[in-house]
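Asker: Taking the hints into account, I'd like the entire structure generated from these sequences.
Residue numbers (my numbering), protein chains in the order written: chain P, 1 to 438; chain U, 1 to 438.
Calculated from the structure, these hints are not laboratory results. Don't be surprised by glycine CBs; every beta carbon is placed ideally from N, CA and C. Heads up, some of the hints might be wrong.
[Claimed, not checked] Computed, partial: chain P to chain U, Cβ under 10 Å:
no., residue
1, A34
2, A64
3, G82
4, P136
5, I139
6, A382
[Unchecked claim] DMTMM-like mimics (lysine to aspartate or glutamate), calculated; alpha carbons at most 25 Å apart, straight line:
no., chain 1, residue 1, chain 2, residue 2
7, P, K272, P, E318
8, U, K272, U, D204
9, U, K44, P, D77
10, P, K44, U, E372
2 protein chains.
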Amino acid sequence: MRRTVAEHQAAVAGLLQAGGGTRRAAEVLALRDAPGRALAEDVKAPVNLPPFDNAQMDGYAVHAADLAGTAPLTVADPIPAGIAPPPLAPGTAAPIMTGAMLPAGAAAVVPIERADPDRFYSDAERADGTATVRLPGGIDAGLFVRRAGSDLAQGGTALRAGALLGAAQLGLLAACGVGEVRVAPRFRVLLLSTGNEVTEPGADLAPGRIYDANTTLLEAALREAGADVTRHRLLGDDPAVLREDLATITAGSTDLVLSTGGISQGAYEVVKQALADSRVEFSSVALQPGGPQAHGTLAGVPFLGFPGNPVSAIVSFEMFLRPALSRVTGVPAPRPVLGAVLAEGVDSPPAKHQVRRGIYREGRVSLVGGPESHLLHALAAANCLVHLPEGVASLPAGSRVEVTLIGPIPVEPLASGAPIAVYRAASGGMDSAERTPT
Amino acid sequence: MRRTVAEHQAAVAGLLQAGGGTRRAAEVLALRDAPGRALAEDVKAPVNLPPFDNAQMDGYAVHAADLAGTAPLTVADPIPAGIAPPPLAPGTAAPIMTGAMLPAGAAAVVPIERADPDRFYSDAERADGTATVRLPGGIDAGLFVRRAGSDLAQGGTALRAGALLGAAQLGLLAACGVGEVRVAPRFRVLLLSTGNEVTEPGADLAPGRIYDANTTLLEAALREAGADVTRHRLLGDDPAVLREDLATITAGSTDLVLSTGGISQGAYEVVKQALADSRVEFSSVALQPGGPQAHGTLAGVPFLGFPGNPVSAIVSFEMFLRPALSRVTGVPAPRPVLGAVLAEGVDSPPAKHQVRRGIYREGRVSLVGGPESHLLHALAAANCLVHLPEGVASLPAGSRVEVTLIGPIPVEPLASGAPIAVYRAASGGMDSAERTPT
Numbered sequence: 001m002r003r004t005v006a007e008h009q010a011a012v013a014g015l016l017q018a019g020g021g022t023r024r025a026a027e028v029l030a031l032r033d034a035p036g037r038a039l040a041e042d043v044k045a046p047v048n049l050p051p052f053d054n055a056q057m058d059g060y061a062v063h064a065a066d067l068a069g070t071a072p073l074t075v076a077d078p079i080p081a082g083i084a085p086p087p088l089a090p091g092t093a094a095p096i097m098t099g100a101m102l103p104a105g106a107a108a109v110v111p112i113e114r115a116d117p118d119r120f121y122s123d124a125e126r127a128d129g130t131a132t133v134r135l136p137g138g139i140d141a142g143l144f145v146r147r148a149g150s151d152l153a154q155g156g157t158a159l160r161a162g163a164l165l166g167a168a169q170l171g172l173l174a175a176c177g178v179g180e181v182r183v184a185p186r187f188r189v190l191l192l193s194t195g196n197e198v199t200e201p202g203a204d205l206a207p208g209r210i211y212d213a214n215t216t217l218l219e220a221a222l223r224e225a226g227a228d229v230t231r232h233r234l235l236g237d238d239p240a241v242l243r244e245d246l247a248t249i250t251a252g253s254t255d256l257v258l259s260t261g262g263i264s265q266g267a268y269e270v271v272k273q274a275l276a277d278s279r280v281e282f283s284s285v286a287l288q289p290g291g292p293q294a295h296g297t298l299a300g301v302p303f304l305g306f307p308g309n310p311v312s313a314i315v316s317f318e319m320f321l322r323p324a325l326s327r328v329t330g331v332p333a334p335r336p337v338l339g340a341v342l343a344e345g346v347d348s349p350p351a352k353h354q355v356r357r358g359i360y361r362e363g364r365v366s367l368v369g370g371p372e373s374h375l376l377h378a379l380a381a382a383n384c385l386v387h388l389p390e391g392v393a394s395l396p397a398g399s400r401v402e403v404t405l406i407g408p409i410p411v412e413p414l415a416s417g418a419p420i421a422v423y424r425a426a427s428g429g430m431d432s433a434e435r436t437p438t
Numbered sequence: 001m002r003r004t005v006a007e008h009q010a011a012v013a014g015l016l017q018a019g020g021g022t023r024r025a026a027e028v029l030a031l032r033d034a035p036g037r038a039l040a041e042d043v044k045a046p047v048n049l050p051p052f053d054n055a056q057m058d059g060y061a062v063h064a065a066d067l068a069g070t071a072p073l074t075v076a077d078p079i080p081a082g083i084a085p086p087p088l089a090p091g092t093a094a095p096i097m098t099g100a101m102l103p104a105g106a107a108a109v110v111p112i113e114r115a116d117p118d119r120f121y122s123d124a125e126r127a128d129g130t131a132t133v134r135l136p137g138g139i140d141a142g143l144f145v146r147r148a149g150s151d152l153a154q155g156g157t158a159l160r161a162g163a164l165l166g167a168a169q170l171g172l173l174a175a176c177g178v179g180e181v182r183v184a185p186r187f188r189v190l191l192l193s194t195g196n197e198v199t200e201p202g203a204d205l206a207p208g209r210i211y212d213a214n215t216t217l218l219e220a221a222l223r224e225a226g227a228d229v230t231r232h233r234l235l236g237d238d239p240a241v242l243r244e245d246l247a248t249i250t251a252g253s254t255d256l257v258l259s260t261g262g263i264s265q266g267a268y269e270v271v272k273q274a275l276a277d278s279r280v281e282f283s284s285v286a287l288q289p290g291g292p293q294a295h296g297t298l299a300g301v302p303f304l305g306f307p308g309n310p311v312s313a314i315v316s317f318e319m320f321l322r323p324a325l326s327r328v329t330g331v332p333a334p335r336p337v338l339g340a341v342l343a344e345g346v347d348s349p350p351a352k353h354q355v356r357r358g359i360y361r362e363g364r365v366s367l368v369g370g371p372e373s374h375l376l377h378a379l380a381a382a383n384c385l386v387h388l389p390e391g392v393a394s395l396p397a398g399s400r401v402e403v404t405l406i407g408p409i410p411v412e413p414l415a416s417g418a419p420i421a422v423y424r425a426a427s428g429g430m431d432s433a434e435r436t437p438t
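Answerer: See below:
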C-alpha cells in the first residue's frame, strides 16, 4: 500500500508501543552505570535540597534580634562548611562560609564586604574574645540564606518516570543521596542484513559482491540511540534460510527484528518472499530514499524491513525508527530540527518527501552528493538530513528548508588560530510552530 | 586576575593543547568498538565505491550497440545481485536487479516499467530462449548505471584524521572493507571533589554535610563528552592532604586534573591554599555562576579548578572544558547554539555573562529556577543554558537570546495521542554570524 511519511511514522511508533519491549522488568543500576538510560519510576527526594539552611555567601551569620541595629556585635567562632555549629547568641555574629550550616538563632547572612571591618579576623585576633564587627542594620530576614528544601523539598518528586538520565539528572540524584536507580530495560534489536552480494568487511571481495555496510551502520546508530543489538547476521537471498532464522525468534528475547534489503519490486526480494504469508505489510512510502518499507510482527515480535542501500537504511532509521524509540522508550533524545538557507538550487520529485544529505553551518546548508541512495561517502561527510517535502519540485538557492542535525557542526581546529567561538546552529526567519513532515 | 569568558575559553583550550594529551599513541579498534572516537589518521579507500558498475534500478541491461534502436531484443539470463555475470551479446537484454553487476558490453539499464512487457518473464516463459523485450530506444549511455568509484575512488580519502566516528562514518569504512581503525586515545581526567561538607551518596548524612553531586555530575558529563575519568576522589579541606594527593600525579597517566570547590574568597579554600606556590593561576571570570576559576599545570599536567556548587561546576564544564575538548581532541561534537525568544523578562548583572537554565521548545525558552548556583533540581529540569551576555541588565519577555542545548527537546509521549511530529529546534530572526560570547 502507499503511505505518507507521517502515516508510516505513526505505524512504526504504534508497532513498537504495542510490542511492549519497554514493559519488561526494570534494571537497578549504580548512578555511574546509568547515563543515557530512562528512569523506570518516579524518584522522590529522601532529603531536603539543600538539606539545611545555609549561607549563600562568605560573611557573618546574624541573630534574628540583631537584624535591625548597627551596634557592634561580638565575633563568635567561625563556621566552616561541613560542621553542625553551636547556636548563635544575640549580640554576637559568627563568620560563616558559603555552604555552611546556619546556626540556630541566626536569621540572615551579611556578606563580608558589607561588614566593618570588611575582612575576617585571624584566629589570633579573635583569641581574647573581644573582637567586634559592625553590620549595616536594616537587614532583611533570610538575606543570603539558602533555605532547607528550597531547591527540592524532602518527599518531592526529583525526577519523573521516563526521564532520560544525563549528567544533570544523575547529579541531582547524587545530591539527594540516591546511589542507585531503577531504569527501563534497553531495547533489544535483532539485526539481519540480507542479499547474496553482501560480504563481511575484512574478507576477500568476490566479483559482483560488496562489503556489508548496513550492519555496522545500523548497529552504531542503534547503540548511539540507546538500544542493544543482541544479534546480527548476514543472510543471503534464499527465503528458506531466512524463514528458518526468523522461526527461532521469541518474544522474550527480542524487542524488534530489523532487516535490510529484499523488500522492493525486484525478482529476488528475499524478505518479501519469506514473509509473504506473515503479519508483515509491505508499503511504498512517499519518501526518497527509503520508499520501500515493511512492518508488522513475527511471532508477536515487532518487525521492520528497511531497504538495502545504506543511505536508504539510515534515512529509514532517522525518519521512522529513531523518532519512534524516542517516543516509546524515552531514549534517545530527539534530534534537533533546524531552519536553514539552501546554498544552492535543488530539484525534488513533488510526489515524494525527498531527504538529501547536507553540511549545515551558520544557518546555511550545502548539499553533499546527489539524491542516489548508494552515496555513503557523501553521507559520511554530511552533518544533516535536508527535507524537501512532498509538493516541492524545485527550490532556488536561498530558499528556507528544514534540516535534521545528525552530526557535529564543524568548528575550526585550534591550530588555525581562530578565536574560540560558541558556534550557533540557529538561523532566522522561520515561524516556530511544530509541523508534521508533509 | 579578572578575565572575560572568551579570554578564559582561550586559556583553557590553550592549556589542553599544550598538555599534549592527544599526542599519545593511537589505539587500533574494531569498527564496533570505535563509535564516538576520533580518527588518528586519514583513511584511504582500498576499493572503489561502488566496487563495480552496477544497476541503479530493476530493469534490463542493454548492450552499447542497442541503445538507439527499438527492435525486439532476446531476453538473456537474469542477473541477480552478488554474481559476476557473463558478457552481454548485442541483440540481447538481460534482466538485472538493483545493485547487480553490469555485464561486459552493457552500457545502460532501462527500468522494468519502461520495457514492453513491463514485467519480468518467469523462468518457464524464458525456458525456450524465444522471449523478447522492446525497449524505448534513444537510451543515453550510462542511464541508471552506478559507475565503479563514483561515490569514492580507490585510493581516495574516505575520512580525514580527526573525523568523529558516528554511524555514517563507520558504515563508510565497512563499505570499504576496512574492519579496524586507528583512533586517538581517550582523554583521561582525574577528578577531585573537595570540601569537608561533602559525603559519598548512599552514606549517612551528618548534620551540616551534603551529598557529593559533583563527582557524579562531572563524571557523567566527561564520559558523555568522550573522556575517561581514570580516578576520582573526595577530599576534605586540609591543604596538606590535597597536596599529598596531587604529588602523585605524573604526566604519563593523566591528561587533566580537574577539581571542584576551594578556589573562592572564603577563609577555607583548600585548592587555593594547597596550590599557593604552584603554576596555577586563580582568576575571577566575568561569568555567573562559575566566576572563580583556576587553571595551570601540576607536574606538567594541565589543571583546572571549578567552583564547588554543582551548577557552577556544570556551567564551567559547558563554557570552558567541553568546547576546549571539542577543539583540541575532535571529541565531543560541539553543542548546538540556538536563537530563542524569552518567555519572560529577566534581570542580569551587566558586568557579567550570566548563564541561566531554561527549557527550550519551539523557538521559545522559559527559565527554570533562579540564578543561584545550588539549584540542581532546576538544572535537572532544564534542557538548555540561556546566555545573558555582559552589558545586559535586563531583557523584557519576547527578547531574543542564545541558548546552548544541553538536553533533549521535549516530545509528547505517544500515549497523548498527538500526531508524530518532527520537532524543530529552529527559530527565526537572528543573524547567523558566529560570535564569541561577550
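Asker: Which constraints among the numbered hints does this structure fail? Numbers only, ascending.
Answerer: 2, 4, 5, 8 and 9
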